[in-house]
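*Asks:* Going down the list, the sequences are from chains A and B.
At position 110 of the first sequence (counting the first as 1) the number is 110 in our numbering, and the numbers step up by one without a gap.
At position 71 of the second sequence (counting the first as 1) the number is 1071 in our numbering, and the numbers step up by one without a gap.
Hint data in this document are derived by calculation from the structure and do not stem from the laboratory.
Ideal Cβ placement from N, Cα and C applies to all residues, glycine included.
The reader is advised that the hints may include incorrect statements.
[Claimed, not checked] Computed footprint of chain B on chain A; a stretch qualifies when at least three of its residues, placed anywhere within it, have a C-beta under 8 Å from a C-beta of chain B:
no.: 1; region: 44-58
no.: 2; region: 99-106
[Claimed, not checked] Below 16 Å or equal to it, Euclidean Cα-Cα: the simulated EDC-like pairs (lysine to aspartate or glutamate) are:
no.: 3; chain 1: B; residue 1: 1067; chain 2: B; residue 2: 1030
no.: 4; chain 1: A; residue 1: 68; chain 2: A; residue 2: 84
no.: 5; chain 1: A; residue 1: 111; chain 2: A; residue 2: 15
no.: 6; chain 1: B; residue 1: 1067; chain 2: B; residue 2: 1024
no.: 7; chain 1: B; residue 1: 1041; chain 2: A; residue 2: 15
no.: 8; chain 1: B; residue 1: 1052; chain 2: B; residue 2: 1030
no.: 9; chain 1: A; residue 1: 99; chain 2: B; residue 2: 1100
no.: 10; chain 1: A; residue 1: 99; chain 2: B; residue 2: 1018
no.: 11; chain 1: B; residue 1: 1040; chain 2: A; residue 2: 54
no.: 12; chain 1: A; residue 1: 111; chain 2: A; residue 2: 42
no.: 13; chain 1: A; residue 1: 60; chain 2: A; residue 2: 16
no.: 14; chain 1: B; residue 1: 1036; chain 2: A; residue 2: 54
no.: 15; chain 1: B; residue 1: 1067; chain 2: B; residue 2: 1100
no.: 16; chain 1: B; residue 1: 1036; chain 2: A; residue 2: 15
no.: 17; chain 1: B; residue 1: 1009; chain 2: A; residue 2: 42
no.: 18; chain 1: B; residue 1: 1041; chain 2: A; residue 2: 54
no.: 19; chain 1: B; residue 1: 1019; chain 2: B; residue 2: 1085
no.: 20; chain 1: B; residue 1: 1044; chain 2: A; residue 2: 15
no.: 21; chain 1: A; residue 1: 99; chain 2: B; residue 2: 1024
no.: 22; chain 1: A; residue 1: 52; chain 2: A; residue 2: 42
no.: 23; chain 1: B; residue 1: 1040; chain 2: B; residue 2: 1100
no.: 24; chain 1: A; residue 1: 99; chain 2: B; residue 2: 1030
no.: 25; chain 1: A; residue 1: 77; chain 2: A; residue 2: 2
no.: 26; chain 1: A; residue 1: 52; chain 2: B; residue 2: 1100
no.: 27; chain 1: B; residue 1: 1044; chain 2: A; residue 2: 16
no.: 28; chain 1: B; residue 1: 1101; chain 2: B; residue 2: 1053
no.: 29; chain 1: B; residue 1: 1052; chain 2: B; residue 2: 1085
no.: 30; chain 1: B; residue 1: 1041; chain 2: A; residue 2: 42
no.: 31; chain 1: B; residue 1: 1040; chain 2: A; residue 2: 16
[What the hints assert, rightly or not] Facing chain B, according to a computed beta carbon distance under 8 Å, are these residues of chain A, among others:
no.: 32; residue: 25
no.: 33; residue: 27
no.: 34; residue: 62
no.: 35; residue: 87
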Amino acid sequence: GDSVTQMEGPVTLSEEAFLTINCTYTATGYPSLFWYVQYPGEGLQLLLKATKADDKGSNKGFEATYRKETTSFHLEKGSVQVSDSAVYFCALGGSNAGKSTFGDGTTLTVKP
Amino acid sequence: DTAVSQTPKYLVTQMGNDKSIKCEQNLGHDTMYWYKQDSKKFLKIMFSYNNKELIINETVPNRFSPKSPDKAHLNLHINSLELGDSAVYFCASSPSEGNEKLFFGSGTQLSVL
């Protein structure tokens, strides 16, 4: 079945550092790929998405490229801020009866 | 206007009690979900409804019973609460069942004492 493997956390960075959170997947078919972010005490919200191979999703300085050859969708940001501290989830779209598949989440803490 | 709203935000109760969590979405979506998030932040789908019909029912104890009176509402009733039910429960919706992004509510933190 479909699965998502995400880089284990927690990740702690200093402000303005470069961020990479790795995400690889196995899937049947051609799912859309998503990154969701969960700020403390809140629900998940979509950060960015890509719907087909070689698409790049971007939002708020975050980027991720849908790499079919390496089955990856790594999240990157060039310069993180304290306000980026959150839990990040990589996910496959629910091509099978709407059942999205989520990674285990990566907790990011950015220190000033 | 909150797109996906769930109530209550916090629920503290004793073992053995019965409780309900309500969810409403005003996005006109056809599909709604319940997810459970444990203390390690792992997210697990419990149920999914499309247009009031159950389409996903993961391995969840039958003490958990979802009800969808219309496509804008999906409630979760839990009987005979146990300590292990303590978690954050998220309602979500999407335009249809398929390859689309999910819109999440802000969660209900359930604590069973």
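*Asks:* Decide if the proposed pair is consistent with the structure: residue 77 of chain A and residue 2 of chain A, CA atoms, cutoff 16 Å inclusive.
*Replies:* Cα-Cα ~27 Å, so violated.
*Asks:* Please verify that hint: residue 62 of chain A, Cβ, nearest Cβ of chain B, below 8 Å or not.
*Replies:* Hint on residue 62 of chain A: violated, closest Cβ of chain B at ~15 Å, above 8 Å.
*Asks:* With a cut-off of 16 Å on the C-alpha distance, tell me whether residue 111 of chain A and residue 42 of chain A pass.
*Replies:* violated, 21 Å
*Asks:* Does residue 87 of chain A hold up as a contact with chain B if the rule is Cβ-Cβ below 8 Å?
*Replies:* holds, 5 Å
*Asks:* Hey, residue 1044 of chain B versus residue 15 of chain A, does the alpha-carbon distance stay inside 16 Å?
*Replies:* violated, 32 Å
*Asks:* Within 16 Å, alpha carbon to alpha carbon, are residue 1040 of chain B and residue 1100 of chain B?
*Replies:* violated, 26 Å
*Asks:* CA of residue 1044 of chain B to CA of residue 16 of chain A, is that 16 Å or under?
*Replies:* violated, 33 Å
*Asks:* Is the straight-line distance between the alpha-carbon of residue 60 of chain A and that of residue 16 of chain A 16 Å or less?
*Replies:* holds, 14 Å
*Asks:* Check the hint pairing residue 1041 of chain B with residue 54 of chain A against an upper bound of 16 Å on the C-alpha distance.
*Replies:* violated, 30 Å
*Asks:* How does the coverage statement for the region 99-106 of chain A fare against chain B, requiring three or more residues with Cβ below 8 Å from a Cβ of that chain?
*Replies:* Coverage by chain B holds here, the residue count being 5 at a Cβ distance below 8 Å.
*Asks:* So if I understand the rule, the pair passes when the alpha-carbon distance is 16 Å or less; does residue 99 of chain A with residue 1018 of chain B pass?
*Replies:* violated, 28 Å
*Asks:* Just to be careful, I want the Cα atoms of residue 111 of chain A and residue 15 of chain A compared with a cutoff of 16 Å; is the pair within it?
*Replies:* The given pair, whose Cα atoms are some 6 Å apart, holds under the 16 Å limit.
Checked against the numbered hints above, the structure breaks hints 4, 7, 10, 11, 12, 14, 15, 16, 18, 20, 21, 22, 23, 25, 27, 28, 29, 31, 32, 33, 34 and satisfies the rest.
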